[in-house]
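Q: Numbering (my numbering), first residue to last: 1 to 401.
By construction, these hints were calculated from the structure, which means they are not laboratory data.
Please note that a few of the clues may not be correct.
Stated by the list, open to error - In silico SDA-like cross-links for lysine to any residue, where the CA-CA straight-line distance does not exceed 25 Å: (1) K182 <-> L256; (2) K182 <-> F305; (3) K111 <-> G224; (4) K144 <-> G257; (5) K144 <-> T103; (6) K355 <-> F344; (7) K182 <-> M321; (8) K182 <-> I349; (9) K144 <-> S363; (10) K112 <-> F95; (11) K144 <-> I264; (12) K112 <-> K144; (13) K355 <-> K182; (14) K355 <-> L256; (15) K115 <-> L134; (16) K182 <-> K115; (17) K355 <-> I264.
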Amino acid sequence: MAITMRSCSQFCDLYRGSLAWRVEYSGGSVTLGVIADMWEPDDQEYAVAFLVLSSVGGSVVGAVVGGFVEDRHPLAWIFWVQLLAGGCVQIMHFFLVPETRATILLDRIAKKRRKDGPGNVNIWGPHEIHGYSLSPRDIWRVWKRPFVMLLTEPIVMWLSLLSGFSDSLIFTFLQGFQPVFKQWGFGTIQISLAFIPLIVGYFLAYLSFLPSIHMFRQRRRKNGSDSVSPEARLWWLLYVIPSLPIGLFGFAWTTLGPSYVPWIAPMIFTAVIGIANYSIYQSSIDYTIAAYGEYAASATGGNDFARDFLAGIAAMYSTPMFENIGHTFPYAYASTILAVVSIFVTTPIYFFYHKGRQIRERSPFAMQMMEENKQRRLSQAGRGEKMGDRSSHVEDSQVGA
């Protein structure tokens with residue numbers, strides 16, 4: 001759908017028409033909800049970490065490539081390149097990515113079992129029984145769920161606001177790249193290459209999460225899933241999140257120009273900001289998916305909506321902010337304001353880490369998923385014991401013989 005809407009916007013010459021089509025493809029993605037279809041909560045961390053890396057990294061790769069396109073082609077080619085890249089990715093997705101939804105997989109298994117023999121004629125999949133169609137009431141219920149969860153679920157609301165405000169701060173900060181680096185004589189291509197430190201920061205943050213993920217996975221395997229609380233998924237964020245105000249303060253006062261600092265200085269702090277942005281997104285998504293299971297698509301949809309909405313608002317004030325605040329060092333003052341705001345935005349995560357259990361207990365969705373996960377683990381343990389007893393019985397029979 002996004003590819004179709006992006007194409008339509010290119011064939012529309014009027015500003016109002018182009019804007020209307022772009023509104024159509026501005027909806028948030030629910031890709032992260034697929035994680036809950038493919039992995040159990042205890043096994044999802046590595047997948048979430050890599051998927052978040054591809055999400056935040058992809059946006060920066062676009063900024064790097066976009067500079068070369070802008071320098072050599074008309075503005076419309078920015079969108080044509082997006083269309084070509086998106087089309088290629090979707091073709092690869094169609095041929096290479098297998099189905100992950102459990103109900104569809106059960107339908108396929110049921111059809112195969114019926115073909116295997118006449119004794120399986122009564123085996124049917126869930127969609128074969130209930131059908132694929134959704135009533136308007138069902139569509140409305142599914143469509144509104146992300147917004148309802150965003151407004152009524154404490155976990156979704158807190159983490160979406162944290163992630164959304166962080167994203168808007170980052171978006172506002174990135175708008176300052178062009179005027180800041182023009183002080184050192186950077187052209188269009190050089191400014192686009194200035195985004196590379198963000199990619200470096202994202203990758204370093206990804207690597208920093210791997211040891212903590214491994215540590216908690218080992219602890220769960222040794223002592224059971226209940227030995228590690230869901231809030232443990234926020235543990236590493238407690239140490240990394242101060243890098244957001246530190247990076248913004250550092251960037252602010254290294255944008256004074258070539259008379260005071262070299263151009264590499266603001267790029268170093270750009271990488272620090274990238275570490276913070278990845279960490280906030282990864283931790284909030286990982287925790288949300290673990291808490292909401294089959295409702296993860298709706299819960300992360302609320303998170304995506306908050307990020308996109310607040311970043312969209314930032315587009316309206318970011319450029320005037322860097323141009324009109326202060327006279328001597330306007331870029332430094334603007335980034336300092338962002339750094340101060342980031343302190344207030346990031347501080348509540350410490351409260352959420354220590355009081356998360358009490359907050360989850362007020363969430364009907366989260367408590368329901370915790371109970372279902374507990375019952376699933378008990379069921380799996382029961383099946384394992386039965387298999388063990390059966391194996392012991394066979395061995396005893398063989399010994400007796």
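Q: Decide, hint by hint, whether the structure agrees.
A: Here is how each hint holds up against the structure:
A C-alpha spacing of about 12 Å is found between K182 and L256, which places the hinted pair at or below 25 Å, so the restraint holds. This hinted pair does not check out: K182 and F305 have alpha carbons roughly 33 Å apart, beyond 25 Å. Proximity of K111 to G224 is assessed by CA-CA distance (about 37 Å); at most 25 Å being required, the pair is judged violated. Taking the CA atoms of K144 and G257, the gap is about 48 Å. The hint is violated against a cut of 25 Å.
Taking the CA atoms of K144 and T103, the gap is about 22 Å. The hint holds against a cut of 25 Å. A hinted pair counts as satisfied when its Cα atoms are at most 25 Å apart, and K355 with F344 qualifies at roughly 18 Å. Annotation: proposed proximity of K182 to M321 holds, straight-line Cα distance about 17 Å (limit 25 Å). This hinted pair does not check out: K182 and I349 have alpha carbons roughly 36 Å apart, beyond 25 Å.
At most 25 Å may separate the alpha-carbon atoms for a hinted pair to count; K144 and S363 meet this at roughly 18 Å. Between K112 and F95 the alpha-carbon distance is near 21 Å, which keeps this suggested pair within the 25 Å criterion. Restraint check: the Cα-Cα separation between K144 and I264 comes to about 46 Å, which exceeds 25 Å; the hinted pair is violated. The straight-line distance between the Cα atoms of K112 and K144 is roughly 36 Å, outside the 25 Å bound, and the hint therefore fails.
Restraint check for K355 and K182: the C-alpha separation of about 46 Å exceeds 25 Å, so the hint is violated. Distance check on the hinted pair: K355 and L256 sit about 42 Å apart at the alpha-carbon level, beyond 25 Å; violated. Straight-line distance between C-alpha atoms of K115 and L134 comes to about 28 Å, which puts the hinted pair past the 25 Å bound. About 68 Å separates the Cα atoms of K182 and K115, which puts this hinted pair outside 25 Å; it is violated.
Straight-line distance between C-alpha atoms of K355 and I264 comes to about 41 Å, which puts the hinted pair past the 25 Å bound.
The structure is inconsistent with the numbered hints 2, 3, 4, 8, 11, 12, 13, 14, 15, 16 and 17, although it conforms to all the rest.
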